[in-house]
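J.: Between the sequences and the hints, there should be enough to build the whole structure, so can you do that?
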Amino acid sequence: MRTDGEAKTLPLDMPATAPARSGGADAAVLRCGAAALGALGVPAAGVEHVGLRVFGVAARVFHRADRAELHRRREAGQPPILRLGALEALMGLPLGEPVPEASLTERERLLLRTAPPGAVARDADRVVRLAAVPLRAELAVATGPTWRAALARAARFAPFCARAAVADRPPRDAAEAATEADYYGVGLAVRDGSDAVPLVPPEPFRPRRHSALKWKFAEQVLAARER
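Read in numbering that gives the first Met the number 0, the sequence shown has 66 at position 67, and its numbers run on one by one without any break.
Everything labelled a hint here was simulated from the structure, so no lab data went into it.
Mixed in with the good hints, there may be bad ones.
[Stated by the list, open to error] Between beta-carbon pairs, the in silico distance windows are: (1) Gly37 - Pro97: 38 to 46 Å; (2) Ser102 - Ala57: 41 to 49 Å; (3) Gly37 - Arg108: 44 to 52 Å; (4) Thr104 - Ala131: 18 to 26 Å; (5) Arg207 - Ala174: 28 to 36 Å; (6) Val127 - Arg147: 47 to 55 Å.
Owing to the predicted nature of the structure, the values given are computational and were not obtained by experimental measurement.
Cβ atoms here follow ideal geometry from the backbone N, Cα and C, with glycine treated the same way.
T.: If you want it as structure tokens, here you go:
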């Protein structure tokens, strides 16, 4: 899964006179994100956002960091965990509890060795998982020249968080666009200069289960923050 994004997070609140693009962030996207989070009932306090590219799609991901986990990682010098196999092996271990290494399969032992320093600790014949998911992705906002293109791009983030789309041009048939966006659970807004006019609110994200792929997405968001 390839990602490349901006190296910094940006403040969520923006003044009404903000330029169309500020520090690499699209003002219409930020306003769409703020409105969508409000519709989802997500408190704005503590929410940050960063731009990144996943599956070839650029988006701005609004997220809430686990401050304790980020502090632990800074102290340990642990970078983001971007190997899916390492995350799969880590998910098989209880957090903070020693597990006899002999109880692991050979594959699990090999995968754990690919985890970066600080993610696990070893004491004699036991291994302890130290790493936890570093943040919670609340919303991904993607853009497109048309409402269909914007919806298709936002839909790529369905396994990870709630989604919203910003169309550069208003739809010819607003009712059709709203119906399709509502069917897929994707929020839809239309760009109006540096503003975004909401048409449909996003559906809340309902994860079926925690997965290594979803954990990896959180690590990719973290990596984009740290660039």
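J.: Now, for every hint given, state plainly whether the structure supports it.
T.: Now for the hints, and whether the structure bears them out:
Between Gly37 and Pro97 the C-beta distance comes to about 44 Å, which sits within the given range of 38 to 46 Å. About 43 Å separates the C-beta atoms of Ser102 and Ala57, a value consistent with the hinted range of 41 to 49 Å. Range check, Gly37 to Arg108: Cβ separation about 47 Å, and the 44 to 52 Å hint holds. Remark: the range hint 18 to 26 Å for Thr104 to Ala131 is upheld by a beta-carbon distance near 23 Å.
Taking 28 to 36 Å as the suggested C-beta distance range, the pair Arg207 and Ala174 conforms, at roughly 31 Å. Distance hint check for Val127 and Arg147: the Cβ-Cβ separation is about 49 Å, which falls inside the suggested range of 47 to 55 Å.
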